[in-house]
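What follows is the residue order along each chain.
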Amino acid sequence: MVKGYTALVLHAHLPYVRHPEREDSLEERWFFEAMTESYLPLLHVFEKLSDEGIPYRLTLSLSPTLLAMLSDDLLQKRYLRHLEKSLLLAQRETRRTAAEPVFNRLAQMYKEILERNLHTYQERFNKNIITGFKNLQDKGHLELITTMATHCYSPLYSSQLAVLRAQVKVAVQEYAKYFGQRPQGMWLPECGYYPGLDGLLQEEGINYFFVESHGLLYATPRPKYGIYSPVKCPSGVAAFARDVESTVQVWSSELGYPGDFMYREFYRDIGYDLPEDYLKEFLPGGIRCDTGFKYYRITSRSDYKEPYLPEEASLKARLHAEDFVQNRKKQIDFLSKHMDLKPIIVSPYDAELFGHWWFEGPLWLENVLRIVAAIPELETATPGDYLKFYEKLQVTTPCASSWGNQGYNDVWLNGANDWIYRHLHQAGEQMIRLANFHLKPDPLVKRALNQAARELLYAQSSDWAFIMKTGTVVEYAKRRTIQHLSRFNRLYEAITQSKIDAFWLKELETEDNLFPELNYAVYREENPPK
Amino acid sequence: MLVIVAILVLLALAIYLYYNFQGSALRGPQHKPLRGNLGYGYENMELAEDYTFDLQRLRTEKEDFLPGSYGVDRLVLLAKDPDWLYTYWEITEDTKKLFTEKTKENAWQDSQPILRIFDLTAGSHFDIKINDESDNWYIRAGRPNTKFRAELGRVYEGKYYPLLRSNQVTSPAFGVSAEIDPEWAPIDEIWQSLAGTYKTAYGSNHLCKNEH
Numbered sequence: 000m001v002k003g004y005t006a007l008v009l010h011a012h013l014p015y016v017r018h019p020e021r022e023d024s025l026e027e028r029w030f031f032e033a034m035t036e037s038y039l040p041l042l043h044v045f046e047k048l049s050d051e052g053i054p055y056r057l058t059l060s061l062s063p064t065l066l067a068m069l070s071d072d073l074l075q076k077r078y079l080r081h082l083e084k085s086l087l088l089a090q091r092e093t094r095r096t097a098a099e100p101v102f103n104r105l106a107q108m109y110k111e112i113l114e115r116n117l118h119t120y121q122e123r124f125n126k127n128i129i130t131g132f133k134n135l136q137d138k139g140h141l142e143l144i145t146t147m148a149t150h151c152y153s154p155l156y157s158s159q160l161a162v163l164r165a166q167v168k169v170a171v172q173e174y175a176k177y178f179g180q181r182p183q184g185m186w187l188p189e190c191g192y193y194p195g196l197d198g199l200l201q202e203e204g205i206n207y208f209f210v211e212s213h214g215l216l217y218a219t220p221r222p223k224y225g226i227y228s229p230v231k232c233p234s235g236v237a238a239f240a241r242d243v244e245s246t247v248q249v250w251s252s253e254l255g256y257p258g259d260f261m262y263r264e265f266y267r268d269i270g271y272d273l274p275e276d277y278l279k280e281f282l283p284g285g286i287r288c289d290t291g292f293k294y295y296r297i298t299s300r301s302d303y304k305e306p307y308l309p310e311e312a313s314l315k316a317r318l319h320a321e322d323f324v325q326n327r328k329k330q331i332d333f334l335s336k337h338m339d340l341k342p343i344i345v346s347p348y349d350a351e352l353f354g355h356w357w358f359e360g361p362l363w364l365e366n367v368l369r370i371v372a373a374i375p376e377l378e379t380a381t382p383g384d385y386l387k388f389y390e391k392l393q394v395t396t397p398c399a400s401s402w403g404n405q406g407y408n409d410v411w412l413n414g415a416n417d418w419i420y421r422h423l424h425q426a427g428e429q430m431i432r433l434a435n436f437h438l439k440p441d442p443l444v445k446r447a448l449n450q451a452a453r454e455l456l457y458a459q460s461s462d463w464a465f466i467m468k469t470g471t472v473v474e475y476a477k478r479r480t481i482q483h484l485s486r487f488n489r490l491y492e493a494i495t496q497s498k499i500d501a502f503w504l505k506e507l508e509t510e511d512n513l514f515p516e517l518n519y520a521v522y523r524e525e526n527p528p529k
Numbered sequence: 000m001l002v003i004v005a006i007l008v009l010l011a012l013a014i015y016l017y018y019n020f021q022g023s024a025l026r027g028p029q030h031k032p033l034r035g036n037l038g039y040g041y042e043n044m045e046l047a048e049d050y051t052f053d054l055q056r057l058r059t060e061k062e063d064f065l066p067g068s069y070g071v072d073r074l075v076l077l078a079k080d081p082d083w084l085y086t087y088w089e090i091t092e093d094t095k096k097l098f099t100e101k102t103k104e105n106a107w108q109d110s111q112p113i114l115r116i117f118d119l120t121a122g123s124h125f126d127i128k129i130n131d132e133s134d135n136w137y138i139r140a141g142r143p144n145t146k147f148r149a150e151l152g153r154v155y156e157g158k159y160y161p162l163l164r165s166n167q168v169t170s171p172a173f174g175v176s177a178e179i180d181p182e183w184a185p186i187d188e189i190w191q192s193l194a195g196t197y198k199t200a201y202g203s204n205h206l207c208k209n210e211h
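In the order they appear, the protein sequences are chains A and B. Quick note on numbering that gives the first Met the number 0: the first sequence kicks off at 0 and runs consecutively. Quick note on numbering that gives the first Met the number 0: the second sequence kicks off at 0 and runs consecutively.
Excised from the complex, chain A in its bound form (with noise of 0.2 Å):
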């Protein structure tokens, strides 16, 4: 008998970073680095629990930016080329490696796993492993949702309700090009919540969104089950809160399961240690950088590490899984005690976690959903399961919050990052006049507008402000903010003084491809101020 439900929630997302006009980017790597750690792992641990017909239902929000690159041609192909040279280096690695043991083995398990990632990125799906997770959520096993069309942190445009609204629309198209259907749900960036946000859902017909903890314990009025079943907002999109719990054992480094000295360390890597003249042909313009070869395990605090032992990793990451999945089972014994409902217990994460920073990540979910499946009282769900069971929930508006530190807009707005929104406001603003202005504009002119509408939402991906506050790669995201809105207000420009350069929009349009179908009609009012 069912006594609860266990919702996992993976958020995948990435900035949308393409640069055709340079070989060997390498912010391109961080979407190469989590294909082949994160993604391509966590799709196979989905396809083999499917496959074995293990029962489970886990929602992955895929974001639009994320699905444009993943099913971009020129991204497509230079992942393949590196997939190919990483090969090549395992199959070094295993050559260099031949007279130590220890290493050899960990060079052949990198060598089997590229292997396997580059006959499931090839043969399998021809480049795009869109395909892959729609199967699954075909099979019943997934339920794909979507995020802000670029990631934008929605409560620092609240005064902004036309930008937002562009936002969740042109996510919601993506999806439908991708998929087919309507996303159920929606996972709004960074947990970054104001109320009244949850209106401009309702009005593309999304069901759900998640919450920080806070977000729901602070609702008015309280809600009756704290944050184990959702609420409805006044405009009936459901509000499902993060549990604190469960995202402590995931995700702090004090508590969690990923600092055990046993995992796999991310830190040391062949890219730092091996001589450069032995890697050269590996390292993007000779720069020094992670390979994904990582021979060591965390081994103690210190820089100490020992060699990595895949089997000691194995048996640690399924003893974690039966921890969490016992954790959850006390929870649910325990609240199944007092409620007169289901409870749910939300645990939603980075995907890129999985794999690429936790290494054992994949095969640690894989043992939780086993277990889960084994135990009669406890079951996998996804909100729109459980709304479905409930269809009754209780009213109430949650407060304003994200997961940023602090909980609720710091992140985003600070000294390091304040200086943005004056221009993104101001773009936000010229964009809404052009759309409304605009009615039946010349070919030429509709694709300055839509340039103009593209341009505006790559400057709105939190990353770029999330990046400057956390100080690494600062200047390429302080390069992208301005470059793109300095695009913006020159095509502004160029549209109000009817001076487009065909030839200058041309080379925006091949260098900023994102979103081909955008069509700036979605920043239209209906009922423009005079």
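To be clear, the hints were calculated from the coordinates, so they are not data collected in a lab. Certain hints may be false.
[Stated by the list, open to error] Listed next, with one range per pair, are the computed distances between beta-carbon atoms:
id, chain 1, residue 1, chain 2, residue 2, range
1, A, LYS47, B, ARG164, 31 to 39 Å
2, B, ARG164, A, PRO442, 36 to 44 Å
3, B, ASP72, A, GLY285, 48 to 56 Å
4, A, GLU516, B, ASP109, 53 to 61 Å
5, A, LEU318, B, ALA184, 24 to 32 Å
Backbone N, C-alpha and C define an ideal beta-carbon position, used for all residues, glycine too.
Please build the complex by placing chain B on the supplied structure of chain A, with the hints as guidance.
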């Protein structure tokens, strides 16, 4: 004999250098970020990836720049967290001229710029003296779950002149709501268990007392 010793010494040196080199991973000056790692309970997690970054490799467009001003009057108010607001503004020359016309020619220099923050929930306001060099300000309002509006104005000869008006914004809540829907009365056991969890996860405790 001597040759063998020499070979052994060289070998030892080679091994020493090799492992020494292996041990000191070269770190790039920049890090690659992934989001979602800054939240509660995992602030300390170092998920920033070492990454070198080459500025030279970026294509530079000489025309890329953002203007210092857009020639529009604007005062925008944003909520940062339950206690803090943020505002930025731009004042056009026209508005400055209008102010001098209403007052005196050198009144701009002789007046004090003020941010007036209206608490629309309580129906009160407070003023912050600012300066003419700033175009943005962090405001410690200390009032969660409150509706605000801001004005930018100047005080000249004891009189306040409003110049710009902002949008409305509501600061986020910072605590459990006292409002209870009798049809959906909170379950005490669950709320007590949450208070316990939150004490560990958040380091402070905003939910332990029921405010019936």
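Distance restraint hint 53 to 61 Å, applied to the beta-carbon atoms of A:GLU516 and B:ASP109 = holds (57 Å)
Evaluate the given range 31 to 39 Å for the C-beta pair formed by A:LYS47 and B:ARG164.
-> 60 Å Cβ-Cβ, so the 31 to 39 Å window is violated.
Beta-carbon spacing of B:ASP72 to A:GLY285 - inside the hinted bounds 48 to 56 Å or not | holds (51 Å)
A:LEU318 and B:ALA184, beta-carbon distance inside 24 to 32 Å?
-> violated (40 Å)
Cβ-Cβ distance between B:ARG164 and A:PRO442: within 36 to 44 Å?
-> About 41 Å separates the Cβ atoms of B:ARG164 and A:PRO442, which means 36 to 44 Å holds.
Hints 1, 5 from the list above are not met by this structure, while the remaining hints are.
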